[in-house]
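K.L.:
These are the residues of each chain, in order.
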Amino acid sequence: MPKYVVQQGDHISKIASDHGLRLWETIWNHPDNAELKAKRVNPNVLLPGDELEVPEREEREENCATGQRHRFQAKTDGLVLRVKTLDFGQVPVANAEATLWIAGDFEHLNTDGNGMIEKPLPLNATEGRLRVVAETLAGTLDVPLGIGELDPVDEVTGQIGRLNNLGYDAGEVEPPADAIAKERLKSAIEEFQCDQGLKVDGICGPNTQKKLKEAHGC
Amino acid sequence: MAAEDDTQTAQTSDESAPPPERVFGLLRSVRGGAVAGDHPVKETALRVLVGPATEDQHNTVRPGLFPIACWRAEDMNFEFGSSFPMPDLASGMVAFKEIFDAHTLTEEEAPKDSTDLTRTPPVSLFGHADPVGDEEYNKTLSGHRARAIFALLVRDLDAWDTLHTDAEWGNRSCQLMLTTLGFPGVRTDGTIDDATKQIIKRFQTRESLSTSGTFDAATRHRMHELYMDVLCADASGKPYKLDKAQFLGQDAPGGKASYQGCGEFNPVMLFSAHEKEVYDQAKNRSERNNENAPNRRVVALLFRPGTKIDPAKWPCPKASEKTDGCRKRFWSDSSKRLKNSDERREFIKGDGTFGCRFYDRMSTGSPCERGIDDYTSIIAIRIVSVQEESCLSNELIHIRGHGLDIQAETDDNGYYFRAPVPSGDYSIEFQDVKCNFPSLPFGSVAHVLHAPHTLLPERWGPGFFETPTTLSGGDTA
Chain A
1 MPKYVVQQGD
11 HISKIASDHG
21 LRLWETIWNH
31 PDNAELKAKR
41 VNPNVLLPGD
51 ELEVPEREER
61 EENCATGQRH
71 RFQAKTDGLV
81 LRVKTLDFGQ
91 VPVANAEATL
101 WIAGDFEHLN
111 TDGNGMIEKP
121 LPLNATEGRL
131 RVVAETLAGT
141 LDVPLGIGEL
151 DPVDEVTGQI
161 GRLNNLGYDA
171 GEVEPPADAI
181 AKERLKSAIE
191 EFQCDQGLKV
201 DGICGPNTQK
211 KLKEAHGC
Chain B
1 MAAEDDTQTA
11 QTSDESAPPP
21 ERVFGLLRSV
31 RGGAVAGDHP
41 VKETALRVLV
51 GPATEDQHNT
61 VRPGLFPIAC
71 WRAEDMNFEF
81 GSSFPMPDLA
91 SGMVAFKEIF
101 DAHTLTEEEA
111 PKDSTDLTRT
121 PPVSLFGHAD
131 PVGDEEYNKT
141 LSGHRARAIF
151 ALLVRDLDAW
161 DTLHTDAEWG
171 NRSCQLMLTT
181 LGFPGVRTDG
191 TIDDATKQII
201 KRFQTRESLS
211 TSGTFDAATR
221 HRMHELYMDV
231 LCADASGKPY
241 KLDKAQFLGQ
251 DAPGGKASYQ
261 GCGEFNPVML
271 FSAHEKEVYD
281 QAKNRSERNN
291 ENAPNRRVVA
301 LLFRPGTKID
311 PAKWPCPKAS
321 EKTDGCRKRF
331 WSDSSKRLKN
341 SDERREFIKG
351 DGTFGCRFYD
361 RMSTGSPCER
371 GIDDYTSIIA
381 IRIVSVQEES
391 CLSNELIHIR
401 GHGLDIQAET
411 DDNGYYFRAP
421 VPSGDYSIEF
431 QDVKCNFPSL
441 PFGSVAHVLH
451 APHTLLPERW
461 GPGFFETPTT
471 LSGGDTA
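Sequence order for the protein chains is A and B.
Quick note: the first sequence uses the numbering used here, first residue 1, plus one each step.
Quick note: the second sequence uses the numbering used here, first residue 1, plus one each step.
Rather than coming from a laboratory, the hints here were simulated on the basis of the structure.
Among the hints, erroneous ones may be present.
Examples of chain A residues lying across from chain B (beta carbon under 8 Å, computed) [said to hold, decoys possible]:
#1 VAL41
#2 VAL80
#3 LEU137
Note that this is a predicted model, so its numbers are computed, not measured.
Built from N, CA and C at the ideal position, the CB exists for glycine as well.
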């Protein structure tokens, strides 16, 4: 069974698709991946360097009568991208005009009452772009999306990614390189803790991680 | 063994490395006691990393609230220990108008339903005091200064009338206003003698006021009105004003989110413990107050046009409120940040001297949080290719040094000009050439860089006088 090392931009459905598997559960629920599954919980938020056992495709035989048409239905993933937009004051940008580009294909959508948009995602999508127009956003929010690039919340890169998405400007998505980068991340963590009513200590421990995951939605 | 040595070397070099330099945005103008400039662009807000969902997970995007530009009025623009804006602030208000206009969108740039009031960058004013004296007093004073500027910009005469009485602007402020309004010969020491009374009467007569010969309420009111127009005018001398709707807090009660006092919590410089001890002795207090002047300032932060916030959720307390509200946004280690330590600490040198985390974040990279004395130079360069005997026009250049990181292009004739900048040596990179050059004092010679290998000083442009300087430089090829 081949071992696959997770790359930046990977998520489980993409890995499954790349290996000719229709169901990500085939990989995720494989006993050899139980340890990683327990560690990461969310199969779509993996860290580059994580190792996955990818089972070979299995052939399946069906006995069918000749001279007749047969219909085979394959079960596939219902992979979607959901993005919720908030304004400066953390209020959902409800019923606003939004456009989502994924893999060259775009769709005009409206955010729902909770500021959410949802779009089915091709299994191998890695790049996208979101545009939301609303007065409360000072006009237009227009951002490129790195699909599958969000790291797990217990990794510092996952924390920076989520804090940045939530508007806290935590810095480059990499372990902080110098004192200024460390200070920038610390201030972002403290601002988040302050807004969430957590103890403000600048350390992104288990409680802060939990809140961060909740606030971000994954 | 060898591997261990390597590790040790690496650690040692890491510890002895100089602290990373803060990167600041570029200044646009230095006028009188005020500076104005742009904040650096936030690069991290530009890409959102998301996870796809197989269940009910989602991702959240929220734009961060960060200023795009700033303005700062120095302590010298105010009466000492008072919120009365001195006549010299007039040149500072020109700088304000310039930066405000520079970030105002044109009708073409702005959304279709925009108005004159929504195309401008929303403003929020932050007053700062030095760490001498009582912190509640300092918050009140810095709040008064911020309010005085706000009121000046929106021509809120009631606010000035109130400040005059409550903040005790006193007779001297009236004398200074009278002088500025074209009544010379007034003494400016606060004493009202017979000559002064006569001049007051002349002013009252001209303005059809009752000729009391004193700075009564009606006289002060009219003086405020006229003085505001002198103080708050553009480069051509034409008075300008803002609408309250052009501030971040719109017209929220108490100026919430539009102006506030940070008190002594965000100093740009903190004395060493020893300096503090010496300066606190009675005989040294005047010198101490001079040294502390950079801490006493009013900063305006300008936000992206169209930015709207809910003033009720704005973290800063109103200018009239006590310091309790400030503390909620303090760094967890603010007491350490605000403490006088063994060495003098300065914000510009990378020291964390701001106690308020919220303000620290908002002013990251702000060129208005450097000392005004830093901006005494210009960069003037022309790049010429010796081999081709031609200038390098529209050439991408990268200039670095003193917290500036400028990526720019030379013009059609190979020139690049930048003023004002801190004095000192800068490095320039273009093509494969990398070299150093010094900045120049205002109004001095321009340097011409010859590419790719030769650097020579040469005369450039009207108004510059040649003083040949040898440039240090070389190539990396």
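K.L.:
In ascending order, which of the hints set out earlier in this document are inconsistent with the structure?
P.N.:
When the structure is compared with the hints, only number 1 turns out to be violated.
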